[in-house]
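Asker: Given next are the chains, with one letter for each unit.
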Amino acid sequence: MKPDSVEGYRAHSDRKDSDRSFILTLVGALLLTPPLASIFQLDIRLLGIPFTGLYLFVVWGGLVAGTALLSRRLRQGVYWDNAEDEQGGETGDKAE
Amino acid sequence: MLSVDLLLSVCLGYVVLLFSLAFYVDRRARQGHAGWIQSPLIFTLSISVYCTSWTFYGAVGSAARNGLEFITIYLGPTLVFVGWWWLLRKLVRIGRVHRITSIADLISSRYGKSSSIAVLVTLMALLATTPYIALQLQSVTSTYEAIVGDVDVSLSAFVVASGMALFTILFGTRNVDANERHHGVVAAIAVEAVVKLAALLAVGIFVVFGVAGGLGSVFENIDTEVIYGAGNIFDARWVALTFLSATAIICLPRQFQVTVVENVDERHLATASWLFPLYLLGMSLFVMPIAVAGLKFMPAHSNPDLFVLTLPLSLGQEELALFAFLGGFSSATSMVIVAAIAVSTMVSNHIVVPISLYLLHGRREVSGDVRQLLLISRRISIAAVLGLGFLYFEASGGSDALAAIGLIAFVGVAQFLPSLVGGIFWRGATRDGALAGLVVGFTMWAYTLFLPSFSGGVILSNEILTHGLFGIEALRPQALFGLVGLDPLVHAVIWSLGANTLVFMIVSVLSEASPLDRLQGALFVDVFRNRPNESTRFEPGQANAEDLFVLAQRILGTEPARALFDNMAREQGLASGLPRPTDAMIVQLERELAGNVGAASAHAMVARVAGRGSISMTELIDIADETQRLIETSRELSSKSAELTNMADELRKANEQLRKLDSQKDEFLSQVSHELRTPMTSIRAFSEILLSPETVADKDRQRFVSIIHEESQRLTRLLDEILDMGRLEAGTLEMSISTVDAARVIDATIDTLDGLARMKQVKIHRQLGPGETRVQANEDRMQQVLINLISNSIKYNTSDQPEIHVRSESTGDALYIDISDNGGGVKREEAATIFEKFSRGHRSKLDHGAGLGLSISRAIMRTMGGDLTLEFAADETSFFRLRLALGSLPGQQDGGPVAG
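For the protein sequence lines, the chains are A and B, in the order given.
Numbering of the first sequence is given in the working numbering, commencing with residue 2 and proceeding in unit increments.
Numbering of the second sequence is given in the working numbering, commencing with residue -2 and proceeding in unit increments.
Everything labelled a hint here was simulated from the structure, so no lab data went into it.
Glycine included, C-beta positions come from ideal geometry on N, C-alpha and C.
Heads up, a few of these hints could be off.
As the list claims (entries may be wrong) - Derived coverage of chain B by chain A (criterion: at least 3 residues anywhere in the stretch with Cβ under 8 Å from a Cβ of chain A; other residues may be distant):
{"no.": "1", "stretch": "74 to 87"}
{"no.": "2", "stretch": "211 to 218"}
{"no.": "3", "stretch": "225 to 237"}
{"no.": "4", "stretch": "257 to 269"}
{"no.": "5", "stretch": "275 to 285"}
Work out the full structure: start from the sequences and follow the hints.
Answerer: Structure below.
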């Protein structure tokens, strides 16, 4: 369904982003645990570094990057609008 | 070799630095310059209390023993933060809305502010945290020992514990409001977080690039088995560890403290969601290389748990070793400080305060300031928690593998998970379910993991460990009910968490939730949907505002309490005095107090004063609100759908009407063509005969021509009628209306039809009633109608002595002309259709008319403002009745054109 207002559009894209965040977590969990992870337990080395270790760190880094991208979008989403902020608000923006 | 003096002075300097920083930040914050301390970066760094000395030293030890397995301890938290939107955000929101002070507070608050759950969770947290604190003390003393050699372990542990207790009491209990951020503590922790990361990275970089000569060459000549661990690394233990660490980042009291309680802005979570996993990644980046290098360069039997420190030491890098020591020291102290704050808050709020309140029960004088009591109890609790840790350290005499203790604690706090997650996502979870789950899970944990970890030293003897309780094999702690061949940790996780979750769910389903339980469940589960502090409408009138004020004064202090009550009075629109003790006011007060003493205690206190033991009307209405909203929505929906049904009905009717009209039109057309066809056929037939070369007798010719003439006249008449009909129906026939004397028109009509009547031997009787006979009409058209009706009566009369009666009578403002005959009339069943086009009465079987006469007559009458109807007399004989409006048109004697 196509949203027909600015709020609707924002809520729609937020919904999408929150779904993405869920999928990212799911994919991360699947990639880092057996049976999927077992595929990458290989006795080879890249530039002298054991492959499985490299694999784990690459997935990890990917998760960090993906979360950073998504969080930036979710952070600006509509869901915070009804958050009752006692003292927060601008303080969050300063440091980023 | 580093000198003792140098090490001590550096340590002391570092500690002084931390104290001053905490002091400075605290003072700045209290002057209202919180500023940078409330940034997402500091928030993220404070979450890194997750990385204790177990991580700092122990991860390398674990990597040296089991290879890559150590990573699981970081992967779990990473996944939780990647999915922050789904769980952590909700926890933080609940924590903020309900002024949650600890994980025990959250769970007990969810389950109807149950104090038994609060006490249970507190005890469990204390039991799981104590060994963990001992572990930190051990790491500090053993690393100190590793640098300076022989030392008095007990003394140094005691000094460290006291120092931490002092720091925690100084900066952790400045304010009684546990809900307020401890700015000084957070600042110190943030600095320590940076120090430990920098130290580990420094050691790693030195080892990899300074000693081994590059990342690739570190792993040279190292067996894959060392790196991957023995066998398959991605086994059940891998999954269990990932799951446990994910649980720990949520359930560890200290993590709950920094993530939920100390959170000042929900949006900080968005930053922490990636920054914290990045921090963890940084912490573990060099763990494996350091472990491998340690195995390579260190003597065969050196303790891998200390590689981070001993590797630089043995390579002569004393400054680096010192830095590493500070890193480990930072990891240990930050964990201990936050854990002490978190656990002592629980102990104080859920155990000490309720007991003292019970003891002080009945003494309501203002002088008994609960604030002071709270502060003292929290300080004593901190000292007690650290004291317990120290005692545990003394008693255990230093266990060898650091990681084991950490994991035991993880499984312990993981028992909170079912009640916690179930509580915030499942309305049906009940207090009994949570209580049962916690007890069962905790017992299982103690039996299968915690007690066996003493190797037969405490409660469970070696005998029981190997042969089971009472000698029953099935009750062997590490092979419960014959579940053998599993890693003891996996075994314990399966039994404790599995039983916990199952019991929690089953008992929840079987037990009834109390109203307060249900209310809190609704508030927690729907925390994103409920508007906070909704206004309320009921006044129970039981509570005494003065009593409440005294209570608030004792807990919040005189000034804050007065400010709060003034504020509440203003909100109620009162100019002065105490606020009315409405439910809204009581709920708000309870929430304020909960920020200090926890929900369960606050509820108990307020309930005692306000005399409200159970859920109030307002709270029930709040629950109902949710239902109410749903009901309204569904009502709106059903009214909408009813509207739609109506509309569809109307459309269907209109459609039917159109269909009917359409078929009427078709019928009309076919009738017309049929009517036209009959005369056309005879005209054509006779003209063909006349055209044929055979001679036709003159007499016949004459007859044929006259038939053709008659038929064409009939055609013309028919076409005229159809034309008239069309114009009348379309309303385009212009008809001038004037004042006409009806009596004269009737006379003229009868005269006109006289010949026909004589021919048919029909007698026409005329009975004109008295009174006005002048009507609004068009004379010619009126006559046309009368001729039509009377000639029909003449033509179709089948009586032996045919008679026609024409009567007129004026009543009110109308003149009625009735035309009746004794020729059989119209049957009642024909009455409905007699005026339709092409309809003929039963009498006209032999007629040649088209059946348009009556419908045209009626249309004419209606156009003139009158009507033509078929009426039935008392004896069921039918007659036609004309109605016409009486009187003359003012100033329009001759009549102008009036559009039909």
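Asker: Does each hint fit the structure? Answer for all of them.
Answerer: Now the hints, each set against the structure:
1. Requiring three or more residues with a Cβ within less than 8 Å of a Cβ of chain A, the coverage given for the stretch 74 to 87 of chain B holds, as 8 such residues are present.
2. Three residues within the 8 Å Cβ limit are the bar, and the stretch 211 to 218 of chain B against chain A gives 7, so the coverage statement holds.
3. Coverage of a stretch by a chain is defined here by at least three residues with a beta carbon nearer than 8 Å to that chain's beta carbons; for the stretch 225 to 237 of chain B and chain A the count is 7, and the condition holds.
4. Chain A is given as covering the stretch 257 to 269 of chain B, and this holds because 7 residues of the stretch bring a CB closer than 8 Å to a CB of that chain, at least three being needed.
5. Counting residues of the stretch 275 to 285 of chain B whose CB lies closer than 8 Å to any CB of chain A gives 4, so the stated coverage by that chain holds, three being the minimum.
When held up to the earlier numbered hints, the structure conflicts with none and fits them all.
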